[in-house]
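Work out the full structure, taking the sequences as your base and the hints as a guide.
Keeping their order, the protein sequence lines are chains A, B and C. Per our numbering, residue 1 is the first one in the first sequence, and the count goes up by one each step. Per our numbering, residue 1001 is the first one in the second sequence, and the count goes up by one each step. Per our numbering, residue 2001 is the first one in the third sequence, and the count goes up by one each step.
Don't read these hints as lab results, they were simulated from the structure. Ideal placement from N, C-alpha and C gives every residue a C-beta, glycine not left out. Take the hints with a grain of salt, since some may be wrong.
[Said to hold, decoys possible] Only part of the chain B face toward chain A is listed, based on derived beta-carbon distances under 8 Å:
#	residue
1	Lys1149
2	Ile1173
3	Pro1183
4	Trp1191
5	Tyr1267
6	Gln1270
7	Arg1272
8	Thr1306
9	Leu1307
10	Arg1323
11	Leu1327
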Amino acid sequence: MTTTVEAERAVQRDDAQLPEEVLTSRTSVILRPLGRPSLRYLAVLAAALAGLAWFAQAWAFQLRNGLVVTGLSDWGTGGGVPWGIYVGSFIWWVGIAHGGIVVSAAVRVFKIDALKPVARLAELLTLAALVNAGLYIIVHLGRPDRIVTSILPHLGQTIRSSPLAWDVVVLTLYFVLTGTYLALTVRHDLHELRDRLPRALRPFYRVVLVGYRPGERRKAERMAWWLALGVIVLAPLFLHGGVIPWLFAVLPSQPGWFGSVQGPLFLAAALTSALAAVTILAFVFRRAYGWEGIIDDGVFRSLSRWTGLFALLYLWLQLQQVVTGSAMAPDSVDSAVDARLEAPLFWLAVALLAITVGHAGLQTLSARLFSVGRTAAVAGLPVLAILIEKTLFVVEGPRHPAFSLYAQMPSSYAPSWVELSSVVGAFAIVVLLFLVAVKALPLVETEEDEP
Amino acid sequence: MGERREVIEPEEPWEAQDPGDPAAPGQPRLLTRREVTGALAGCAAGALVLGGLHRSRFADPTSGGTAAQAAGDPDGVADAEATPVRYGMVLDLTRCDGCLACVEACRDENGLSDGVLWPYVFAYREPDDDRTAFLLRVCQQCADAPCIKVCPTTARHRRPSDGLVLTDYDLCIGCRYCEVACPYGVNYFQWGDPETYGGEFEGDRRDARGVSVEGDPPLGVMGKCNYCPQRQDDPELRGTTACSIACTMKVIHVGDMNDPDSEPNRYLAQRREESGGSLPTFRLLEELGTEPNVVYIGSPPSSRATLVEGPVAYEEVGLVEERRTVLEGPAPWFERIGASS
Amino acid sequence: MNTPSYGLWLLLGVVFAPVYLTLAGWALGQPRQLRLPLVGAGFLVGLTAVAWGGVAVLAYLLHLTFG
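Below, the structure is given as C-alpha cells:
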C-alpha cells in the first residue's frame, strides 16, 4: 500500500500524457493509467519481476533435484504427506478466480449495478488466478514436461473416472469462457478508444477486434449476458462446488476428505476469498489512480456485505462437518475430525473468518462505522484464512486415513523454502498481469452514454 | 455401497489397454504413448471444447485408445475375458513371525530407494492380548482399483496377461493422485534421484510388452509393489515374487486368484480343510469396495489395535522405516554461500 | 463407481449443460444474428489453443532444459 500523496503524484504524472480538456470526462479518468509509466509503476514492476525471478530459480532447483526439495514425503510408512501447499494453493487460486464471474453475474444477470465499476478488474483477476492454478498443477508434478503428451491423448479414457481429468477440462473451460467474456465486453471500448491506446499493442488489439462491426455492441452485451448466466452456474456449482472438491470428496481412503459437504464448503470458501480479493484489488486501483469517483464507497459496502455472508456460510458448513463428524461418526471419520479440531491453524482460520463476519455485520449496523480502508484491510483476513485452511485440509487427509494403523505412525509436513517461494511467485504473476493490463486496456467498462 | 458389493469383477474399459491383448492384436501402444509432438498437442487442444472430449476422438487405435475400444466395444463395457488371469496373493498371517526377510528381499531385487517399503510388516497388539500380531501389507491388486480410476494419464493400468496393476514409468506425470486414492498406502513416489537416495535398480525396467514397469521408478514418477513382473514374464519364475521366495515361513503364496487350481488357491483350500472349515480369512479394508485380490488367513487388526515394536527392527537389517527422515534435499545456493563465508 | 462411463456423462451431460445454454442463447437470442456468435466461438477455440499451446511450449522447454 502507498500513501495518498504518492498516489496523487503518480496520478498527475500519468495525467500529463493526456490533453487537458479530456481530463474532465469519466472516460479520461478511466484512461488515466494508460499514460507513460510512473516511477511507482516501475518500482512495482521491478518488485514483481524480482518475485518472479526468485520463484523461477526455486522452481529450477526443484526441477534439477526433484520434489525432494519440498517438505513432502509419502503418507503411511513414509511419515509425511504427498500433497501439500502446492495443492492447497491450487485450490486457493481457483477459489479466488471465482471473483470474476460472481461480480460479472451480479452486474449482468442480477443487475447489481453497484459492482459494475469493478467487473473488469474482477474478470482480469480471474484470468490471472486461473493461470496460477494451472501453474500450480505443473509445479506440483514430478514430470511436468509430460503434462500435455501424457494427459491429452488419453483424455477420452481418463475423463470417465479421473476427477483430475475432469479438473483439467473444467479449468480450461472456465479460463476460455472468462477470456471470451472479457473479449466480448472490451471490443467496443477498444474500438472507440483506439486512438488513445498504445500503438505498440496494435497487433494484439487487431486479434481481439477480429470481425468487429461498429453496431455490434447490443448483440455483444446480450452474448455477455448469456455467458455470465452460463458461467455463474458452471463455475460455482460445477468447478469449485464440483470437480475441485470431488478430487477429494470421492475418496473413501481419506475420511477427512470424503463426503458430500465438501462441495458446498469449498464453494463458500471460494466465494469468500474471491470477493475479499476483489475488495483489495478495487482498493489498490482506487488509491493508485484516484478513482474515488469511479470505484465509489458503494462498491466496498456491497463487497463487504457479500464477503461477510459467504464467510458466515463457510463457518456454518464447517459446523455441519464437525457436528456430524464427531457425534456418532465411525471411528475413522471421528479421528479425522478430532485432528482438525486439535489443529491450531484450523482455529486461526476460523478466527480470521469470524472477524470477517463480525466486521461486515458491524458495518451493516451503522453507516458511521463504515470505512473503505478498514474494509480493504479486513479483506486480507479471509484471503489468508482460506489458504491456510485449504492447505491444512489437503495435508490432514492422508494423516488420518481409513487404514487406522497408519494414523499411529509419526507424520508431519512443513512447506520448504521452495514451496513458499511459489506463493511469492504466484503473487508476482498476478501483479505483473495487472501491470500489463493497466497499460493495455481500460480497466473499467465505459458507459454507453459517454460523450 | 451395498449395491457395489454384488458386482464382482466388473471388467472396466480403462483397465484393459494392452497391445498384446488378443482382443487388439498388434496395437502399437508404446509408440503412440511416447509420441512427443507439439502437433498432437495442438490438435487435441483445439478439439477439447469442440467436442474433442468425445471418446471416439481418442479411441482411434492409432491414437492410444483402449484395447476394449479398439475391439469394437464403443460403450466401453469390456468383456470379462479381457484379463482372465488375475494375479493376487494368499497371505497366511498365522505363520508370519515378523522377520522382515520379505522386505529386505524386495529391496534387493527391485533396487528400491531408502525408505521405499513395497512390502511392509505391521507389528501390533490387540487390547487384552499380549501376543504380537503381524500384518503384511503388499499391493492388494484390487479388481476395482481406485489408483487406476483416478490416474489422469492411464499410466496406472492393469496388464491384461495377468491382471497386475502397474505404473507405466514413461507415461506417469507424478501427480501422486494414485497415492492419495489408495487406501492401503502402498505407493512410493520417487522424490529424488534414486541414485542419490539408495536406489540400485539396474535393469531396463521393461516388461514382456516393452512397457516400463519394473523395479524402483525413475525420478519424478510413482512406484509401488508390482508383484515382480520380471518374474511373471519368465516361465521359470512365474508364480513367485522376491518376497515369496525369501519367506522361509511360507506366508506368501502368489498366483492366479481366478484359477481354483493355482498355488495360492490350493493352499487356501488345504488350510480350510485342515481347520475343519473354520479358517478365519479376510480381505483388507474390504468395506471400501476395492475388491482386493489378496486373501489373508488370520484376523484383521481391530480399530483398537496398537502398533508395537516387532522382533526385528527395520534399521537392524539396513532398511529405513520412515522415509521422510532420509528425504533431505541438497542445500540451496544461498545456504552454501552463508556456510562458506 | 461401477458404471464405466459415468465421468463422461457427468461432464458432457451435467457440467457442460450451462455451456450449451450459453451457446444456444448466443445463436437464438435477440438480436438474432450469427456473425458475432461465430466470432465468440472463434474466441472459445482460439483461447483453448492458446491455453494448451502455452502449456505445451512450457512443457517442451522443461523437457529441453531439465529432461
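Going through the hints against the structure:
no.: 1; hint: Lys1149; result: 4 Å, holds
no.: 2; hint: Ile1173; result: 5 Å, holds
no.: 3; hint: Pro1183; result: 3 Å, holds
no.: 4; hint: Trp1191; result: 4 Å, holds
no.: 5; hint: Tyr1267; result: 25 Å, violated
no.: 6; hint: Gln1270; result: 29 Å, violated
no.: 7; hint: Arg1272; result: 27 Å, violated
no.: 8; hint: Thr1306; result: 7 Å, holds
no.: 9; hint: Leu1307; result: 5 Å, holds
no.: 10; hint: Arg1323; result: 4 Å, holds
no.: 11; hint: Leu1327; result: 5 Å, holds
Checked against the numbered hints given earlier, the structure breaks hints 5, 6, 7 and satisfies all the rest.
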